[in-house]
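J.: Sequence:
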Amino acid sequence: MSVTKITNKKSKHYNEYRVRAQPRDAAGNTVSLPVKYCKTKTEANKVYQKLMVDFERESTFYKDKDLNLVDSYTAYLESENRAGSWEKRTYNDHLYTLHILEQYLPNIKLKNVDENVMRLFARKLVSDKDLSVAYNTVMSRRFQHLRTYFSRLVGTIYKQNPVPARFISRWFRKGEMSPKKKKYTFSTEQINVLKKYVISRINKESPQQLVSLVGVLICLSIGCRPGEVQALKWEDLTVEKTEGGSEFNIFCLSDSWNELEGKMNGHLKSRMPGQTRNSLPLNPQTVDALRTFQEKQARFLKRYNLPNKGYILLSLRDFKKASEGKVINQKAVNEALRKACQVCEIDSGKLPISIYTCRHSVATLLCAKNINPAIASSRLGNSIEVYLKKYVHPSKDIIADSMNNWLEE
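Here the sequence shown is numbered in my numbering, starting from 1 and rising by one per residue.
Source of the hints: derived by calculation from the structure; they are not laboratory data. Careful, some of the hints might be misleading.
[What the hints assert, rightly or not] With a straight-line cut-off of 16 angstroms between C-alpha atoms, the simulated EDC-like cross-links for lysine to aspartate or glutamate are:
hint : residue 1 : residue 2
1    : K88       : E205
2    : K369      : E189
3    : K46       : E80
4    : K124      : E176
5    : K204      : E295
6    : K63       : E43
7    : K50       : D66
8    : K309      : D347
9    : K159      : D114
10   : K331      : E259
11   : K321      : D236
12   : K296      : E176
13   : K65       : E16
14   : K309      : D288
15   : K263      : E176
16   : K326      : E247
17   : K88       : E102
18   : K183      : D64
19   : K129      : E176
20   : K159      : E261
21   : K36       : D64
22   : K124      : D93
23   : K321      : E261
24   : K36       : D66
25   : K309      : E324
26   : K88       : E295
27   : K109      : E176
28   : K309      : E243
29   : K41       : E16
30   : K111      : E80
31   : K326      : E259
32   : K326      : E261
All figures in this text were calculated on a predicted structure; none of them were measured in a lab.
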């Protein structure tokens with residue numbers, strides 16, 4: 001047994017748990033690692049997992065140059081998964097990369113992999129599956145995964161990484177690349193029209209009909225990630241006081257909803273558990289509408305004897321989900337936003353609209369209002385570089401103001 005409780009009263013480790021890890025080396029031989037002792041079974045199981053993972057990472061198994069690339073990459077994925085390095089969504093994404101390797105490079109050995117092999121592989125993959133050639137695409141993620149994997153083998157098997165840093169610009173001509181996809185962003189006027197429409201419905205309709213619309217209102221107001229909005233509780237709606245004496249209604253964000261696993265992550269994206277972030281301020285009309293919905297939600301839960309777990313976007317259409325503290329999914333909020341756009345006669349052309357449109361719109365408008373990028377990016381939960389590069393777009397408002405400023409004498 002890997003974890004065994006010591007029941008011999010004569011032993012100095014009586015009532016403790018013995019941890020014995022015996023992994024296998026590359027030849028298939030059993031390796032006995034030093035025995036450890038722990039006070040609790042939970043602690044012992046964690047120690048066992050750590051011993052196995054540390055052995056795999058230090059082992060030369062997946063670094064053996066005579067191994068097939070597929071076998072080596074498989075061992076690498078399993079090692080990282082057992083170590084808890086990735087969330088489930090990330091692990092599944094890596095499994096797709098493994099699937100592609102199995103299709104295109106099933107028998108190649110590590111020692112035969114070089115940049116030219118990777119370049120030809122990339123070009124055939126793009127050709128066969130008609131993929132877009134650009135960064136932050138399905139294609140680029142596959143090779144970013146491989147670049148991270150190969151980086152562990154530089155210095156042992158490879159002198160340099162077979163996947164270079166800017167692999168797309170190195171492997172493809174500009175004429176073969178896809179232009180960056182355009183994002184639709186709401187103007188200030190459109191955001192105000194949408195918010196007015198949502199608030200009018202909140203004041204009139206039953207709470208069951210309003211949950212997804214409340215999600216739309218919050219997304220339009222603070223531009224946070226969908227998972228962060230789904231995780232909001234009423235206790236998160238609070239007042240921020242500044243040193244100058246000003247007060248603002250904000251959300252204090254501390255958690256995010258994992259759509260894939262149907263549960264809270266226990267932390268914000270790229271933050272440790274317990275770390276919080278304040279949202280952008282909410283205007284009084286939005287706060288009043290949210291409080292109105294809170295009262296309606298509380299009466300509804302009381303009427304049907306459902307537990308009030310405090311979540312703002314609690315699923316009220318499904319009593320079982322409501323009793324379990326489950327929130328509505330992103331698809332419901334997306335549909336509510338698109339229907340609101342239709343009612344408000346907002347036409348995006350052929351560009352898609354989703355709750356991420358709200359995030360991009362809020363970021364763009366923050367820039368248009370000349371809000372300090374350090375403050376804007378902090379409130380949205382990004383670095384300044386990501387905020388400016390990914391979320392700020394040349395909206396109609398910004399273009400018009402810029403051209404008018406140019407024409408002023």
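J.: Against this structure, judge whether each hint is valid.
T.: Hint check results:
{"no.": "1", "hint": "K88 x E205", "in the structure": "violated (38 angstroms)"}
{"no.": "2", "hint": "K369 x E189", "in the structure": "holds (14 angstroms)"}
{"no.": "3", "hint": "K46 x E80", "in the structure": "holds (15 angstroms)"}
{"no.": "4", "hint": "K124 x E176", "in the structure": "holds (13 angstroms)"}
{"no.": "5", "hint": "K204 x E295", "in the structure": "holds (13 angstroms)"}
{"no.": "6", "hint": "K63 x E43", "in the structure": "violated (30 angstroms)"}
{"no.": "7", "hint": "K50 x D66", "in the structure": "violated (27 angstroms)"}
{"no.": "8", "hint": "K309 x D347", "in the structure": "violated (38 angstroms)"}
{"no.": "9", "hint": "K159 x D114", "in the structure": "holds (10 angstroms)"}
{"no.": "10", "hint": "K331 x E259", "in the structure": "holds (10 angstroms)"}
{"no.": "11", "hint": "K321 x D236", "in the structure": "violated (21 angstroms)"}
{"no.": "12", "hint": "K296 x E176", "in the structure": "violated (55 angstroms)"}
{"no.": "13", "hint": "K65 x E16", "in the structure": "violated (42 angstroms)"}
{"no.": "14", "hint": "K309 x D288", "in the structure": "violated (21 angstroms)"}
{"no.": "15", "hint": "K263 x E176", "in the structure": "violated (41 angstroms)"}
{"no.": "16", "hint": "K326 x E247", "in the structure": "violated (32 angstroms)"}
{"no.": "17", "hint": "K88 x E102", "in the structure": "violated (21 angstroms)"}
{"no.": "18", "hint": "K183 x D64", "in the structure": "violated (45 angstroms)"}
{"no.": "19", "hint": "K129 x E176", "in the structure": "holds (15 angstroms)"}
{"no.": "20", "hint": "K159 x E261", "in the structure": "violated (40 angstroms)"}
{"no.": "21", "hint": "K36 x D64", "in the structure": "violated (29 angstroms)"}
{"no.": "22", "hint": "K124 x D93", "in the structure": "violated (20 angstroms)"}
{"no.": "23", "hint": "K321 x E261", "in the structure": "holds (14 angstroms)"}
{"no.": "24", "hint": "K36 x D66", "in the structure": "violated (34 angstroms)"}
{"no.": "25", "hint": "K309 x E324", "in the structure": "holds (9 angstroms)"}
{"no.": "26", "hint": "K88 x E295", "in the structure": "violated (37 angstroms)"}
{"no.": "27", "hint": "K109 x E176", "in the structure": "violated (30 angstroms)"}
{"no.": "28", "hint": "K309 x E243", "in the structure": "violated (33 angstroms)"}
{"no.": "29", "hint": "K41 x E16", "in the structure": "holds (8 angstroms)"}
{"no.": "30", "hint": "K111 x E80", "in the structure": "violated (22 angstroms)"}
{"no.": "31", "hint": "K326 x E259", "in the structure": "holds (10 angstroms)"}
{"no.": "32", "hint": "K326 x E261", "in the structure": "holds (11 angstroms)"}
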